[in-house]
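In order, the protein sequence lines correspond to chains A and B.
Just add 421 to the spot in the first sequence (first one is 1) and you have the working numbering.
Just add 1474 to the spot in the second sequence (first one is 1) and you have the working numbering.
Mixed in with the good hints there might be a few duds.
Derived DEER-like restraints, expressed as beta-carbon distance ranges [as the list claims (entries may be wrong)]: (1) T479(A) - P1491(B): 37 to 43 Å; (2) Y575(A) - A1660(B): 35 to 41 Å; (3) S585(A) - T1537(B): 32 to 38 Å; (4) Q1692(B) - A438(A): 30 to 36 Å; (5) H1510(B) - G427(A): 48 to 54 Å.
Note that these hints are calculated values from the structure, not bench results.
Note that the Cβ used here is the ideal one computed from N, Cα and C, for glycine as well.
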Amino acid sequence: MHKGKGMKFVGDSRISAERKPNVPKDYSEYPGRTEAFWPNFLLKEWLVGAVFLAGFLTLTLAHPSPLEGVADPTNAAYIPLPDWYFLFLYELLKYEFASGDWTILGILVLPGIAFGGLLLAPFLDNGPGRRPHQRPIAVGMMILGLASVMWLTYESAAHVDWESRAEANKPIPASDVEIDTEDPGYAIYENSCLQCHGDDLQGGGAAPALIGTEHSAEEIATIAVEGIGSMPPEQFQGSDEELQQLVDFIVSVNEQAE
Amino acid sequence: MLQKIYDWIDDRIDITPIWRDIADHEVPEHVNPAHHFSAFVYCFGGLTFFVVVIQILSGMFLTMYYVPDIENAWKSVYYLQTEVAHGQIVRGMHHWGASVVIVMLLLHTLRVFFQGAYKKPRELNWIVGVLIFFIMLGLGFTGYLLPWDNKAFFATQVGLEIAEQVPFIGTQLKTLLSGDPSIVGAQTLTRFFAIHVFFLPAALFGLMAAHFILIRRQGISGPL
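The shape of chain B in the complex, shown without the other chains:
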């Protein structure tokens, strides 16, 4: 039955080459922890991806309750945290995932760096990876404001003041982020929400796609 469905689809869209591109590749011995335990360092990239998936899924569920407006943002998070079934767990996953993903990214970056795996021909993939790192920090910064508690508000205020001190474009930069040259308020929250939920994830998906396509193209770097 499954085979028939597969054949039916394959007849029409020739899925076999696509499927083989995704699934059919080799795992060399030196990255396989089953053969060399120290190869567990190669897991960090995959675990980063795993946590990103957790972040996407938990984030999608959080937006079912979250309201990005200064009157209700904190109340909606409090409600989610105290009243909604498993709300605390879902928010906990998103909160801790934000930290764990940074840790995993850091470990992955260090693995690649100390193995010199970014050397020719993999320079471009390193750059894409560092850009992913920056996007992640941006997601952390914008996500911090969303619960609209004291910690969020004052940390964001400090962050925006730092942005303001950039020469020449400081005020414009701050206005772009917060919606007003001096107020951290309703506009700031909606902007950070949009950046956190739409702009940065879109950039992240594009970069991750490029990262994975390049890995598949070039293969994993050889043993040292």
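This is chain A alone, in the form it adopts within the complex:
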């Protein structure tokens, strides 16, 4: 670096008029098989990135991102669940020692200790040794914390029937479907189905929407009588003629919706 008198600048700027050659450092004398980042290693990194991106896009294409029905604050039957990486905190609050009078323990003290410990790990584990067996306490705490987070997440997620959850909360676009309340089928629908499936066939907390159903007319008739999944049998009790009217009504609404 040039110092002292005789320095030359570009115009009135502080940029030195002396040019530095753009030459990479020489790594040949570095220990081991050291490689230059640019461009040698970056090229390999690029390849790993491309493979990763292909896998990621495959995931995206194979599993479209979910969207449930529009938020309905009056839906009392909805069981809330956070995203998977918050499940362990959510599950922790269900334990007796972390809820009720002990809520503070569950929402502040325990997570505070865990995350505070993580944040301050270099100061808590300040010995010189880097190998795991040289710092058994730190490594033990981490494994314990990791195991409890995994256990809590498992406990929280294992009992959830994700498929029926997704099925029951399918998004229904604000449809322009006019429900014909004069239809003889609607009266039957009102008696037998409306309580769970809603007055616009939009579904509810315990029952899926009937608009956009994948079932055929015969299947709808069978389900109305015999039930399906969590739907109990004999929801519909009436004559075959009424059943036919009910099915025609549901099918006609679906045809209108398409």
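Since chain A is already given, all that's left is putting chain B on it; use the hints.
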């Protein structure tokens, strides 16, 4: 031609030292999977950054269609999902990226932890990294509400109730996040949108810059 453009710029702003600072550093043998396959564990940090870039880009495209208001938020996401060309893919990338970035962050954190790479002189960079982890969780929490579907609404309600139970400042904390002591509604959505799109990314960029500058300063930790 390119060389001439480079020289022209270099004449004026002396770019060569900056360029060498960014590009010219060595990759030691022990972190190079080409020499030791087990060194793939060193990829997780870079992959985290890669997914963050995916999140930024897909998020930028999502805001072209998303409307942060309770009447239209869900409709705009539904429209994006069903009508917009490739909208489902872009939203899918953002949705899955949010999970993948947490996984990668976790793996990166575990790699650093079990190798004891946070020990002197790298304590500060560990703290910056853990703060990045917290910011990411905050981004996940605020982003969850934005589609304004049932899942979003009720999970956020639960989250805000938990915030409310914090002693002394609980109600204020909840009001700060949701815009009202009791309602989860229009104000909540706009606040979460602002936090998700402006406040937390700004903090994230600052912390990431600090993280990378510190890595360049200190170099990668040596082999065990």
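Query raised in the report: In ascending order, which of the hints set out earlier in this document are inconsistent with the structure?
Result: As far as the earlier hints go, not one is violated by this structure.
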